[in-house]
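K.L.:
Sequence:
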Amino acid sequence: MSAPLPKVTAVITRQRLIEMALEARKGALEAKQYSAAVAATKEIGILSGIRIERSERGMPGEFDELERMSAGELRAFVEKMLAQAAIGEPSPSDSCH
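Residues 1215 to 1311 in our numbering are what the sequence shown lists, from first letter to last.
These aren't lab readings, by the way, just hints derived from the structure by calculation. Yeah, the Cβ is synthetic: ideal placement off N, Cα and C, and Gly gets one too. Heads up, none of these hints are tricks.
Label-pair distances were calculated between CB atoms; the ranges are:
{"hint": "1", "residue 1": "L1296", "residue 2": "M1273", "range": "16 to 26 Å"}
{"hint": "2", "residue 1": "D1278", "residue 2": "A1250", "range": "31 to 41 Å"}
{"hint": "3", "residue 1": "A1217", "residue 2": "F1291", "range": "54 to 64 Å"}
{"hint": "4", "residue 1": "E1287", "residue 2": "K1240", "range": "44 to 54 Å"}
{"hint": "5", "residue 1": "M1273", "residue 2": "Y1248", "range": "30 to 40 Å"}
{"hint": "6", "residue 1": "A1300", "residue 2": "Q1247", "range": "42 to 52 Å"}
{"hint": "7", "residue 1": "E1287", "residue 2": "P1220", "range": "55 to 65 Å"}
{"hint": "8", "residue 1": "V1292", "residue 2": "L1219", "range": "47 to 57 Å"}
{"hint": "9", "residue 1": "L1296", "residue 2": "R1271", "range": "17 to 27 Å"}
{"hint": "10", "residue 1": "G1272", "residue 2": "L1219", "range": "40 to 50 Å"}
{"hint": "11", "residue 1": "A1285", "residue 2": "P1220", "range": "52 to 62 Å"}
{"hint": "12", "residue 1": "K1240", "residue 2": "G1275", "range": "37 to 47 Å"}
{"hint": "13", "residue 1": "T1223", "residue 2": "A1285", "range": "42 to 52 Å"}
Could you build the full structure based on these sequences and the hints that come with them?
P.N.:
Structure follows, in structure tokens:
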């Protein structure tokens, strides 16, 4: 019977990820791999919170109605969605298109 393996715990921090990306960027620049250096630079920006990546989720035009709402209409819509979420009702975006 073999001995049990020791428990190994790895902690990855944001700072360590930034350090790793900096190392990758340095290596990419030394190798004249500029697109890799740019990718590492973007990752550093994301990890540091300077660069925020946003993407729209949903079907094209799905949010058009929300953009046309007044502040009051939007507030009422959000309150309705929060109430539905609290009682477990599906939201409109949960339905199949």
